[in-house]
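A.B. asks: Chain by chain, the residues run as shown.
Number of protein chains: 2
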Amino acid sequence: MSLKLFGYWRSSAAWRVRWALNLKGLSCVHHFVNLKTGEQKSPAHLKVNPSGRVPMLLLEDGTRLNQSLGIISYLDSQVFKKATKIIPEDPLNRARAFELWEVIAADTHPLQNISVISRYSDDPQKRVEWSAFYIQRGLSVFDETLTRVALAKDFSLGNSPSLPDLALIPQIYNALRFGLDVQGTFPRLWKIYQNALQTEECLVASPEKQQDAVEGV
Amino acid sequence: MSLKLFGYWRSSAAWRVRWALNLKGLSCVHHFVNLKTGEQKSPAHLKVNPSGRVPMLLLEDGTRLNQSLGIISYLDSQVFKKATKIIPEDPLNRARAFELWEVIAADTHPLQNISVISRYSDDPQKRVEWSAFYIQRGLSVFDETLTRVALAKDFSLGNSPSLPDLALIPQIYNALRFGLDVQGTFPRLWKIYQNALQTEECLVASPEKQQDAVEGV
Numbered sequence: 001m002s003l004k005l006f007g008y009w010r011s012s013a014a015w016r017v018r019w020a021l022n023l024k025g026l027s028c029v030h031h032f033v034n035l036k037t038g039e040q041k042s043p044a045h046l047k048v049n050p051s052g053r054v055p056m057l058l059l060e061d062g063t064r065l066n067q068s069l070g071i072i073s074y075l076d077s078q079v080f081k082k083a084t085k086i087i088p089e090d091p092l093n094r095a096r097a098f099e100l101w102e103v104i105a106a107d108t109h110p111l112q113n114i115s116v117i118s119r120y121s122d123d124p125q126k127r128v129e130w131s132a133f134y135i136q137r138g139l140s141v142f143d144e145t146l147t148r149v150a151l152a153k154d155f156s157l158g159n160s161p162s163l164p165d166l167a168l169i170p171q172i173y174n175a176l177r178f179g180l181d182v183q184g185t186f187p188r189l190w191k192i193y194q195n196a197l198q199t200e201e202c203l204v205a206s207p208e209k210q211q212d213a214v215e216g217v
Numbered sequence: 001m002s003l004k005l006f007g008y009w010r011s012s013a014a015w016r017v018r019w020a021l022n023l024k025g026l027s028c029v030h031h032f033v034n035l036k037t038g039e040q041k042s043p044a045h046l047k048v049n050p051s052g053r054v055p056m057l058l059l060e061d062g063t064r065l066n067q068s069l070g071i072i073s074y075l076d077s078q079v080f081k082k083a084t085k086i087i088p089e090d091p092l093n094r095a096r097a098f099e100l101w102e103v104i105a106a107d108t109h110p111l112q113n114i115s116v117i118s119r120y121s122d123d124p125q126k127r128v129e130w131s132a133f134y135i136q137r138g139l140s141v142f143d144e145t146l147t148r149v150a151l152a153k154d155f156s157l158g159n160s161p162s163l164p165d166l167a168l169i170p171q172i173y174n175a176l177r178f179g180l181d182v183q184g185t186f187p188r189l190w191k192i193y194q195n196a197l198q199t200e201e202c203l204v205a206s207p208e209k210q211q212d213a214v215e216g217v
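As they're listed, the protein sequences go chains A and B.
First residue of the first sequence? That's 1 in the working numbering, and the numbers climb one at a time after it.
First residue of the second sequence? That's 1 in the working numbering, and the numbers climb one at a time after it.
Bear in mind the hints are in silico, worked out from the structure with no lab data behind them.
Errors might be hidden in some of the hints.
Copies of one chain are not kept apart here, so a pair can be met inside one copy or by any two copies together.
[Claimed, not checked] DSBU-like, lysine-lysine: derived pairs with alpha carbons at most 30 Å apart:
{"id": "1", "residue 1": "24", "residue 2": "85"}
{"id": "2", "residue 1": "41", "residue 2": "126"}
{"id": "3", "residue 1": "47", "residue 2": "153"}
{"id": "4", "residue 1": "126", "residue 2": "36"}
Chain A extracted, bound-state conformation (with noise of 0.2 Å):
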């Protein structure tokens, strides 16, 4: 199947999908859009990406995917080189993931996108303590939750990622920037995050080892 991502390095949802192709045992082409300079506005990338939005996946029959959900949970339905599963297929278990998957993709990470704090002030300060503030009652009910469902181990459901992760290591990711000390107040979710950083598949999929990535930004 030919695939052709369309991404930026920094975006978290687009991370997910990467880090998903690669649990999948997939290959695809990058196109990288530059959300800084506003590249997903432009006449040319929507004429390929009407929706202008990251990530999308373009399948070889001129399908559109939007929204890492829907590609992620496109992409575990069908059988690829490795028969991992990302979203489980036990109905509690699969439950759980998705409650974990809401904790930090509906009720943390769009609260401290950057176009949105854009909208709520203009004073870094103000944007650092409003980010923090929503990320650390994220990671905190992602914690507490880990608890109460009481499958984690080296990962949030068990001893390999699964969709739960996809969330959590790029929200980690984003918590170190806006200089949440993860290690000392949630030392299990920093020892998934250890953990998933080990791996192949979520490692090259970070936004460092991007083509576009950017230093010292």
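Let chain A serve as the given structure and place chain B on it in line with the hints.
C.D. replies: Leaving out everything else, chain B in the frame of chain A:
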């Protein structure tokens, strides 16, 4: 199966779950939590629902499920009176369902949540402008996605309600509260809203039909 749902009449996420229960032909005990008076943080409530969040579904064996997507996924995996499938089984349609769900549940609803707009500003006018901006943007992306996906009939993905509708309808209800002209701006979404409210399953799950509904607020 004996179920207990912790909810609040005006919680969008609780409406999604109430509607899902009705679509599956399930009855449950409703425990209404007064979010307006902060009942969710009271010791008595935290004893039965330590997360302090609604909706929370308590299963017969004591298992607690949070987050509407997790709860709906669990309910949809069980065989009940009605064979209705809320989350489509076809992989591509399922991806579409998640894509549309996240447009509302991740990129729209959390940004206009009362706790977020309270943190944003003390000025009621600024709160309305902020909320209206994100709801307008969310409904616009949802409508564009329906055009691209090209499956919409009476509902978002055909002639029966499915996952995206469970997110859309409560969001339109909120849009009206914030003064948006949904009928004029998004006639297709308005039609889906009308269709949904003509079904018993959605109507009896709607805010004003709940025991804890307060008139004139």
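A.B. asks: Okay, which hints does this one fail, numbers in order?
C.D. replies: none
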